[in-house]
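Student: Protein sequence lines correspond, in order, to chains A and B. Residue numbering for the first sequence follows our numbering, starting at 25 and increasing by one per position. Residue numbering for the second sequence follows our numbering, starting at 21 and increasing by one per position.
Treat the hints with care, as some may be off.
Stretches of chain B that chain A covers, calculated by requiring three or more beta carbons in the stretch to come under 8 Å of a beta carbon on chain A [stated by the list, open to error]: (1) 38-50; (2) 61-70.
If you anchor each label on the Cβ, the simulated ranges turn out as follows [stated by the list, open to error]: (3) B:Asn90 <-> A:Pro64: 24 to 34 Å; (4) A:Leu135 <-> B:Glu72: 19 to 29 Å; (5) B:Lys84 <-> A:Ser36: 38 to 48 Å; (6) A:Thr69 <-> B:Glu42: 12 to 22 Å; (7) A:Val44 <-> B:Cys33: 27 to 37 Å; (8) A:Tyr100 <-> B:Thr51: 29 to 39 Å; (9) A:Asn42 <-> B:Pro60: 28 to 38 Å.
Just so you know, these hints were derived from the structure itself, not from any lab. As the structure is a computational prediction, the values presented were derived from the model and not from experiment. We put the beta carbon where it would ideally sit given N, CA and C, even for glycine.
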Amino acid sequence: KQEVTQIPAALSVPEGENLVLNCSFTDSAIYNLQWFRQDPGKGLTSLLLIQSSQREQTSGRLNASLDKSSGRSTLYIAASQPGDSATYLCAVNDNYGQNFVFGPGTRLSVLP
Amino acid sequence: GAVVSQHPSWVICKSGTSVKIECRSLDFQATTMFWYRQFPKQSLMLMATSNEGSKATYEQGVEKDKFLINHASLTLSTLTVTSAHPEDSSFYICSARVGQGIRSQHFGDGTRLSIL
């Protein structure tokens, strides 16, 4: 059974810092991995989707990497801003099912 | 594109009431939709997979008679919480799968259900 973990559980940084969020998964037979952002009391906003054949994806200040063999993905946020404060979730879609298995999330606070 | 609309966004009702939540794909057809539940400060847990024109597939531990799912069209899936009790209070989120190949999911804004 696929399990997804995220480290750290919470992170507080001053504005302008570059930061890295980590995601690990136990079964490397994944179809893709997706990073989401969730604001309090809201749904999920897709940030980046990495197919299993890809190594990384970039969108603006965000860069996500995938090392499928080691079961790891990182989300890099450059020059963080207070508006980046949210919970970041990673989710993996395995080869067998249709659904995502979510990690517990990292709660990020960027202080002005 | 790929907008998923969920309604209502917040509902408060008495114990014993049945509550229906709608999930619509506004600008695309979704043969597969997913229903998740999220308790405070916890991650999303898949409840069931809803397939258009067929019965939903429920995850282990989810009562299918309590959480009724109907996916009658390619743009609408509904989740009905029957005879809701306070322990059913949670944040319910639906998503729709976009693209057979990419298998990305787009999420609704969620429904906060509070049972008194």
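Student: Tell me, in ascending order, the numbers of any earlier hints that this structure violates.
Tutor: Of the numbered hints given earlier, those the structure breaks are 1, 4 and 7, listed in rising order.
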